[in-house]
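Visitor: The whole structure should be built from the sequences, with the hints applied where relevant.
Protein sequences appear in the order of chains A and B.
Reading the first sequence from the start, the letters are residues 328 to 663 in our numbering.
Reading the second sequence from the start, the letters are residues 328 to 663 in our numbering.
By construction, these hints were calculated from the structure, which means they are not laboratory data.
These figures come from a predicted structure and were not determined experimentally.
One or more hints might be untrue.
Here are some of the chain B residues that sit facing chain A, going by a computed Cβ distance under 10 Å [unchecked claim]:
{"#": "1", "residue": "D331"}
{"#": "2", "residue": "I333"}
{"#": "3", "residue": "I335"}
{"#": "4", "residue": "G339"}
{"#": "5", "residue": "I352"}
{"#": "6", "residue": "F356"}
{"#": "7", "residue": "Y417"}
{"#": "8", "residue": "G454"}
{"#": "9", "residue": "A472"}
{"#": "10", "residue": "S573"}
{"#": "11", "residue": "N577"}
{"#": "12", "residue": "A615"}
{"#": "13", "residue": "T643"}
{"#": "14", "residue": "F644"}
{"#": "15", "residue": "G646"}
In the SDA-like style, the derived pairs of lysine to any residue whose C-alpha atoms are separated by at most 25 Å in a straight line are [what the hints assert, rightly or not]:
{"#": "16", "chain 1": "B", "residue 1": "K435", "chain 2": "A", "residue 2": "N448"}
{"#": "17", "chain 1": "B", "residue 1": "K332", "chain 2": "A", "residue 2": "S439"}
{"#": "18", "chain 1": "B", "residue 1": "K362", "chain 2": "A", "residue 2": "N448"}
Quick reminder that beta carbons are idealized off the backbone N, C-alpha and C, glycines included.
What follows is the residue order along each chain.
There are 2 protein chains.
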Amino acid sequence: MNQDKIVIAHGGGGELSSRLIKEEILTRFGESPLKGLPDAASLTLNSSQILFSTDSFVVSPIEFPGGNIGDLAVHGTVNDISVAGGQAKYLSLSLILEEGLSIPLLRKVLDSIQEAAQFCNVKIVTGDTKVVGHGECDKIYINTAGIGEKYPNFNLSKTLLEEDDAILVSGNIGDHGMAVLTVREELPIKNGTKSDSASVHRLVKAAHPYGEAVRFMRDPTRGGVAAVLNEIISESQLGISLDESSIPINRKTRNVAEMLGIDLLNVACEGRMILICDKKSAKSILQAWQKLPEGKNAQIIGSLVADSPGKVKIKTFTGGSRVVSVPRGELLPRIC
Amino acid sequence: MNQDKIVIAHGGGGELSSRLIKEEILTRFGESPLKGLPDAASLTLNSSQILFSTDSFVVSPIEFPGGNIGDLAVHGTVNDISVAGGQAKYLSLSLILEEGLSIPLLRKVLDSIQEAAQFCNVKIVTGDTKVVGHGECDKIYINTAGIGEKYPNFNLSKTLLEEDDAILVSGNIGDHGMAVLTVREELPIKNGTKSDSASVHRLVKAAHPYGEAVRFMRDPTRGGVAAVLNEIISESQLGISLDESSIPINRKTRNVAEMLGIDLLNVACEGRMILICDKKSAKSILQAWQKLPEGKNAQIIGSLVADSPGKVKIKTFTGGSRVVSVPRGELLPRIC
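Guide: As structure tokens, then:
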């Protein structure tokens with residue numbers, strides 16, 4: 328890397344993040360399940376297969392409309408294991424607390440963790456608590472690591488992607504990022520957008536009967552839908568074609584985004600998932616999702632195409648077409 | 328808790344730490360393997376047994392004589408799994424980086440992680456990187472979580488402790504805490520003490536042929552040997568008698584500690600372990616340890632006794648006796 332100092336964009340999920348990971352992490356640890364950077368590592372232990380994943384959470388502010396850092400920390404790791412085709416079973420919980428943190432606020436965060444873990448059917452089984460001085464962290468940072476079991480029938484692999492495969496999204500996009508931004512920037516918006524912080528474990532369970540037709544699942548967090556879709560076809564002979572009119576977006580979220588000039592395709596969700604499957608199974612999965620409260624706004628938003636390999640294009644409302652790229656800098660720091 | 332704000336001592340490994348965990352964590356998550364607060368959770372997954380543990384590292388400064396935050400983060404979690412009677416196999420690695428962190432320094436830390444992981448025979452298999460603004464963390468915080476397999480023959484349980492059981496320590500105590508303190512406080516000490524940051528996995532492997540005689544193993548980190556020994560007999564009908572003259576201490580470390588009036592029994596080690604076993608096997612384990620470089624200073628430092636139940640006492644150099652208690656406040660913040 329040319330720079331000699333870490334900048335905010337190194338953590339943003341865009342190009343600089345990806346270079347940091349490639350040049351500094353994969354060069355050292357890439358000869359392991361890390362290679363390919365799956366959402367969760369697939370490991371053999373005592374000759375059985377398990378999934379393992381981790382995330383640290385540094386969201387600011389720690390409370391936002393629709394959630395707080397506690398439920399976010401549970402959902403984030405449960406979702407990584409879910410989209411790797413698994414069922415999360417156990418979580419670790421590691422807290423870094425700032426001296427002076429309000430204990431009632433800590434209790435509120437822990438209550439949210441407890442509630443989210445119950446809903447996701449995971450047990451908090453091990454943990455750690457550190458305290459740092461005032462000004463050495465921003466209230467509370469949380470790390471969770473999770474262990475899960477694989478569903479037997481998902482057949483996830485980028486190499487299986489084919490022309491005409493369908494791209495599904497499980498709900499409105501960009502709500503989490505915009506909710507955090509609204510409250511952090513103290514935007515004067517009444518009844519604004521709420522975070523989508525939620526678990527996708529039931530969506531994955533609903534899709535698993537069609538698992539053999541599913542090629543790819545991911546929760547579009549940092550970098551949003553744009554980053555996920557660009558990553559998947561970056562080295563492919565195929566391209567992606569999206570239809571703007573089919574992308575589910577909450578009206579309030581759209582208003583805020585338009586006001587600020589932000590493209591919601593770049594904004595993080597924390598309770599949505601992208602799924603790519605054989606065209607023939609797409610409607611069945613869509614219908615299964617739409618029966619769940621967290622999938623009621625699910626849509627088929629596009630497909631894999633043979634033209635424009637390696638590129639994501641979108642047909643706009645006005646009938647035009649544009650390329651959807653990955654943001655270079657850091658659009659929304661500390662949203663998770 | 329009476330306080331309504333987090334103070335540094337909530338993370339110190341002493342009484343306030345233990346109350347925070349009991350009152351806020353165990354009340355919410357205690358109906359799980361967390362109950363009893365083992366070093367690593369013992370879990371059933373796909374009907375086989377695994378060990379799972381986590382630690383966050385916030386040591387200041389991040390480089391100290393004998394190590395840095397990187398090898399510390401590997402050793403800490405490997406050691407938790409080791410003293411739970413297991414062999415660590417896989418680690419997650421989650422970084423929180425401060426904006427402005429020197430990338431050459433980050434590389435040095437990552438190199439130490441790689442080297443320590445190789446020595447410990449663990450693979451880094453999953454990870455996460457977050458960046459926070461300048462002043463929102465202190466250079467770098469690291470979380471590792473680890474998964475391991477159990478050795479079949481350890482028979483660890485506090486309920487098996489018996490009178491005359493021997494207490495072993497694998498090497499000089501307090502080196503890590505004093506090394507960090509010396510450099511942090513810029514004490515004018517030449518050729519001062521070096522951290523003991525190291526893995527105990529080979530010590531556990533050396534003890535495992537005698538596993539059925541081993542009742543307890545732990546690495547004395549925050550709170551030091553005093554905290555570990557007090558915790559183990561706090562609800563017991565037995566007490567502990569230590570012999571000060573048998574406790575291995577580096578001369579330089581002793582000098583610094585005496586100068587500062589610090590009791591090394593309260594100071595963290597990051598590469599030592601305490602083991603309690605049947606008296607009959609103590610010498611065999613001691614000899615096995617002393618054959619390893621990391622065990623060359625190992626000693627039998629005391630035993631379980633029937634008098635003074637629930638208390639740790641020490642026979643001093645001068646022939647007296649005193650109670651060794653757990654520090655109430657925070658002696659040495661941010662040593663791990």
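Visitor: Could you run down the list of hints and mark each one as holding or not?
Guide: Quick rundown of the hints versus the structure:
1. At about 5 Å, the closest approach between the beta carbon of D331 of chain B and any beta carbon in chain A falls short of 10 Å, and the interface hint on this residue holds.
2. Given hint, I333 of chain B at the interface with chain A, holds; its Cβ is 4 Å from that chain's nearest Cβ, closer than 10 Å.
3. With a cut of 10 Å, the hint placing I335 of chain B at the interface with chain A holds, because the nearest CB-to-CB distance is about 5 Å.
4. Proximity of G339 of chain B to chain A holds as hinted, the smallest CB-CB distance being about 8 Å (cut-off 10 Å).
5. The restraint placing I352 of chain B at the interface with chain A holds, with a minimum CB-CB distance near 7 Å, inside the 10 Å limit.
6. For F356 of chain B, the suggested interface contact is upheld, since its CB lies about 4 Å from the closest CB of chain A, less than 10 Å.
7. Taken as an interface hint, Y417 of chain B checks out: its beta carbon lies about 6 Å from the nearest beta carbon of chain A, inside 10 Å.
8. For the restraint placing G454 of chain B at the interface with chain A, the shortest Cβ-Cβ distance is roughly 7 Å, inside the 10 Å limit, so the hint holds.
9. The closest approach between the C-beta of A472 of chain B and any C-beta of chain A is roughly 3 Å, which is under the 10 Å cut-off, so the hint is satisfied.
10. With a least beta-carbon distance of about 32 Å to chain A, the hint placing S573 of chain B at the interface is violated under the 10 Å criterion.
11. Taking 10 Å as the C-beta cut-off, the interface hint given for N577 of chain B is violated, the closest approach to chain A being about 26 Å.
12. Contact between A615 of chain B and chain A, as hinted, is not supported at the beta carbon level, the nearest pair being about 26 Å apart and thus beyond 10 Å.
13. For the restraint placing T643 of chain B at the interface with chain A, the shortest Cβ-Cβ distance is roughly 33 Å, beyond the 10 Å limit, so the hint is violated.
14. For F644 of chain B, the suggested interface contact is broken, since its CB lies about 35 Å from the closest CB of chain A, more than 10 Å.
15. At its closest, the beta carbon of G646 of chain B sits 39 Å from a beta carbon of chain A; the interface hint therefore is violated under the 10 Å criterion.
16. Distance check on the hinted pair: K435 of chain B and N448 of chain A sit about 40 Å apart at the alpha-carbon level, beyond 25 Å; violated.
17. The hinted pair formed by K332 of chain B and S439 of chain A meets the criterion: a straight-line CA distance of about 19 Å does not exceed 25 Å.
18. Among the hinted pairs, K362 of chain B with N448 of chain A is consistent with the structure: their alpha-carbon atoms are about 18 Å apart, no more than 25 Å.
In this structure, the hints that do not hold are numbers 10, 11, 12, 13, 14, 15, 16, in rising order.
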